[in-house]
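Q: So you can see what is in the structure, the chains are spelled out below.
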Amino acid sequence: MRYISNTAADKESMLKEIGVDSIEALFEDIPKEVYCDKLNLPKAMSEIELIKKMKEIAQKNETVDKYTCFLGAGAYDHFIPVTIDQLILRQEFYTAYTPYQPEISQGTLQSIFEYQTMICELTGMDVANASMYDGTNSLVEAAILACSVTKRSEVLVAKSVHPESRQVLKTYARFKKIKVTEVDYLDGQLDISDLEAKINSDTAALLIQSPNFFGIIEDIAAVEKLVHDNKSLLIVSTDPISLAVLKSPGELGADIAVGEGQPLGNPLSYGGPYLGFFATKEKYMRRVPGRIIGQTVDQQGRRGFVLTLQTREQHIRREKATSNICSNQGLIALTAAMYMTFMGKEGLREVAEQSLMKAHYAYEKLIETGKFKPLFDKPFYKEFALESTEPVDNLNEKLLKANILGGYQLGRDYPELEKGWLVAVTEKRTKEEIDRLVREAVK
Amino acid sequence: MSEVNLIFETSRPGRKAYSLPECDVPQKPIGELIDSSYLREKAPELPEVSELDAVRHYTKLSLRNHGVDSGFYPLGSCTMKYNPKVNEAVARLDGFINCHPYQPESMVQGNLEVMYTLDRLLSEISGMDQVSLQPAAGAHGELAGLMIIKAYHENRGEGNRDKIIVPDSAHGTNPASAAVAGFEVIEVKSDDRGCVDLEHLKEVMNEEVAGLMLTNPNTLGLFETEIVEIAKIVHDKGGLLYYDGANMNAIMGIARPGDMGFDVIHFNLHKTFSTPHGGGGPGSGPVGVKESLIPFLPVPVVCKKDDTYYLDFDRPLSIGRIKSFYGNFNVTIKALAYIFTMGEEGLKKVSESAVLNANYIAQKLKDVYLLPYDKICMHECVLSGYRQKANGVSTLDIAKRLLDFGYHPPTVYFPLIVSEALMIEPTECESKETLDEFINTMRTIAEEAESNPDIVKTAPHNTVVSRLDEALAARKPVLKWKKE
Amino acid sequence: MNVPSNLLFSKTHEWVRIEENIAYLGLTDFAQDKLGQIVFVDLPELNQEIKEKEQVAEVESVKAVAEFFSPVSGKVVKVNEDLLDSPEQINENPYDSWFVAVELSDQSELENLLNPQKYEALLMEEEENH
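Protein chains in written order, with the working numbering: chain A, 101 to 543; chain B, 14 to 497; chain C, 40 to 169.
The set of hints was computed from the structure by calculation and includes no laboratory data.
It is possible that some hints are incorrect.
As the list claims (entries may be wrong) - The list that follows gives simulated cross-link-like pairs (lysine-lysine, BS3-like), each with its CA atoms no further than 27 Å apart: (1) C:K50 with C:K157; (2) A:K251 with B:K55; (3) A:K420 with C:K157; (4) B:K318 with A:K498; (5) B:K470 with A:K478; (6) B:K445 with A:K111; (7) A:K277 with B:K176; (8) B:K318 with A:K160; (9) B:K445 with A:K116; (10) A:K132 with B:K318.
Unchecked claim - Over 10 Å on every C-beta distance to chain B, these chain C residues come out as not near it, computed from the model: (11) N60; (12) Y63; (13) D72; (14) Q76; (15) K102; (16) V116; (17) E127; (18) N151.
For every residue, glycine included, the Cβ atom is placed at its ideal position computed from N, Cα and C.
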């Protein structure tokens, strides 16, 4: 057993030291009636057998390596510099635990401090935490924070927020006794008149996503005053790469900015592990859920980093903690920091611009075929919704045969948009691939 | 060693660490595509460095970290076992990392097989009937489990059960998760053996209580010998039993929570099943249940019909979705690879060796460090720095001194019911020689605490930074870098 | 442990200094010592009506949180905002670091408080229990 060191002789001498005569004697506290005779598990595999077995399973999957990906809807096929994984595989990063002992964890602590700085820079906020489970989890935690600071118990969520995020929000809300009310969309953007009708003295926050699930940039400036005049919080979920070109939530007056960090250097991985980022204004600093890294000095006055503001957390405040979160997505946050470092100021802008240009090119070409109509007439970023004359099922089925992973079927979540087809285009797509999508789509 | 520059301090305008192909579609000014009122005027100040600058930066930072491969890491309750390299390799196969979560089920049969198989294996190991891999971490699994308990009672018309009993020795996440799930927390005391006080449990257990959360072995590393009786007390009053799987490493192949009477369990794949901790995550905290609770599991549930796997969303009693997509999928692949590697015999040996190692340490140290509960322990032992305190040396000082000798210290000041606690979990992976060296070091430090307490009190001396001013960090928070 | 003779005390380690109808409230030397380095304090608002034994403030050290219960009822007429910027004053001079001044609404509540002798006896007891 290569992961266990002790030999039979070791065991014998250790048992002797302990003063018992068998391994079984160590388990005498376990009542006999709950002893387990045998587990029904597969026989242990050698490394050769394991690799063969795992390859067999992996080969049952089709991947975006073979299929050209125009599918997004919350998970995006962006370019990832290969250097990142090589660095992530340094054992000092991935085999370490939460940096409880700062003197031997400066690597993790400093890199996450840098991550927090970058997230603040992108979102235009004052304070960011060290990450949460995913973008949805960040959004839900933001809603809980809003209820706690406003002492109100209803949140409004735009129907143009990712459907899965709204589902998770409803799960938490049921148990936290928070009322969730959806605000309708009009031409793909939040319907302001519906917001005006629904906002009330018990509204803790408006949750809005921009670019939203339809790829459309929400008119946040238009809702900001309405929300704040009502003394509610404005919570904006966003795509981090879009912030290289779009106005930041901070500039638009958001109180909390959250989002899914997967596009920042993380592979699609069938949905996880991803990364939730969470940033807010200084005045909510002590209400932020999860871990936060802060700068300080050591005895000699040298700069160093520590976990800070820990009294917010479960290991101290127990049932009164701001959240129950403990493990976060540390390594994924590190990945994101590396991605933002490698791509840098220019690179992130270029990724954002190329995605945007290519998405608009695809949009025009698809419309030109006459087979598709725009579903909405609002500005979009790297993803857009079309109305297809062919049933979306058939269309995607046909594209798969041509090794193309087509767009998301909006009817899955929006029955009224049964003909809706949501197409995502990242910087990785070439003109040739887009032209081929257009050709195959009209066949 | 000097400070390492922040990446922002290394940054110089015009440097680049990336390459992208030229944009090959016709380009237009962005202002023509998107109204300028939506556009940012000032680009975010991200670093501008060369590829080598960036590689050196992260390499330097990595050298300021201690990982499991660097040396012994007996951090109690965290199960810092070896993270097998082959698991990293298989989890990175193209077939696993390059699937989009919304690909049709027919294209991801391999992924669904991973999830389905792991569900079956974890169910078998724990004595549960079905496991959901949705929760992203232990605390998330706890939360899901508590929501399931609540939904179960509500469905039976007993929604008034709004209290959860948690032992005073429990992990902080237990009460915190219970609060998020909308429960009021009641503490049950530990008796003088360190186990749940049965009399007190009987007093607090009534028809308003939804269940009891328990770690077994508990956070003192002791097996709750009266677990069958505990289960009966809770079940007789209509409550359910929740198993915090943080300490599962002690009992694999030896006893199953399902057989002890537990109804719900969460696992920590990043503890028991060897997936790396990643400097704080990602973890994975699957939640498992007995048959009567299956309808309440979060959606989607992976099912199999004939030889085809599919995601089942049509579950009217489900608590609903608790995470986007399907949990921390890539982490679960590593746990599956681990179970495949160990097999039944291997997992049993893991627990045997983990328990042997912990007892060996306790036995060899109890003459110098107080062992408050002096009996055979399970996979971890809880010592106390109480005796050393007499010389003004605190447990924190002992922990810091261990850093000088190249060790990651044990968990300190937990569980809360032991003063000056030192919670040592060696794991099964470590050899007798490693344990002996550690034991010698701990003895050396105990000697120093008497002969030269200052060297302990001012430790660490050999690390890249000395003790950091945590009070300053919290009083005047600096949470991001600012250009001077 | 310093227990000034001109103050009254609660069993939960708050002190009270009476100036006519105004009570100044703070945290005792014993409590600040137990907490260690104090890093943050959350105070009630001006004009807030507070009640005896109600939690009205929170004091945080690096790794602990203490709840501050008001020993008296009344209206908050002054808030010591200096503490927000430099909470370490509580460690340094606990009896000068008043949290709030309260206009008493019920003088008889003062009878529920401990005089210095009784408070010292309480401290002796607590020490023994540890």
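Q: Next step is simple, just say for each hint if it's right about the structure.
A: Hint check:
1. For the hint linking K50 of chain C to K157 of chain C, the alpha-carbon distance of about 10 Å falls within 27 Å, and the restraint holds.
2. A C-alpha spacing of about 36 Å is found between K251 of chain A and K55 of chain B, which places the hinted pair above 27 Å, so the restraint is violated.
3. For the hint linking K420 of chain A to K157 of chain C, the alpha-carbon distance of about 32 Å lies beyond 27 Å, and the restraint is violated.
4. A C-alpha spacing of about 26 Å is found between K318 of chain B and K498 of chain A, which places the hinted pair at or below 27 Å, so the restraint holds.
5. Distance check on the hinted pair: K470 of chain B and K478 of chain A sit about 64 Å apart at the alpha-carbon level, beyond 27 Å; violated.
6. About 9 Å separates the Cα atoms of K445 of chain B and K111 of chain A, which keeps this hinted pair within 27 Å; it holds.
7. Restraint check: the Cα-Cα separation between K277 of chain A and K176 of chain B comes to about 15 Å, which is no more than 27 Å; the hinted pair holds.
8. With a C-alpha separation of about 17 Å, the suggested pairing of K318 of chain B with K160 of chain A holds against the 27 Å cut-off.
9. Between the alpha carbons of K445 of chain B and K116 of chain A the distance comes to roughly 13 Å, so the proposed pair stays at or under 27 Å and holds.
10. Straight-line distance between C-alpha atoms of K132 of chain A and K318 of chain B comes to about 38 Å, which puts the hinted pair past the 27 Å bound.
11. N60 of chain C, annotated as away from the interface, keeps every beta carbon of chain B farther than 10 Å; the closest lies near 34 Å.
12. No beta-carbon of chain B is positioned within 10 Å of the beta-carbon of Y63 of chain C; the least distance is around 24 Å.
13. The beta carbon of D72 of chain C is kept farther than 10 Å from every beta carbon of chain B, the shortest such distance being approximately 15 Å.
14. Its closest Cβ contact with chain B, about 4 Å, brings Q76 of chain C to no more than 10 Å, contrary to its assignment away from the interface.
15. Listed as a non-interface residue, K102 of chain C fails to keep its Cβ farther than 10 Å from every Cβ of chain B; the least gap is roughly 8 Å.
16. The non-interface label for V116 of chain C is consistent with chain B: the shortest C-beta to C-beta separation is roughly 27 Å, beyond 10 Å.
17. At the 10 Å boundary, the C-beta of E127 of chain C falls inside the reach of chain B, the nearest C-beta of that chain being 7 Å off.
18. Under the 10 Å C-beta cut-off, the non-interface status given to N151 of chain C relative to chain B holds; the minimum distance is some 27 Å.
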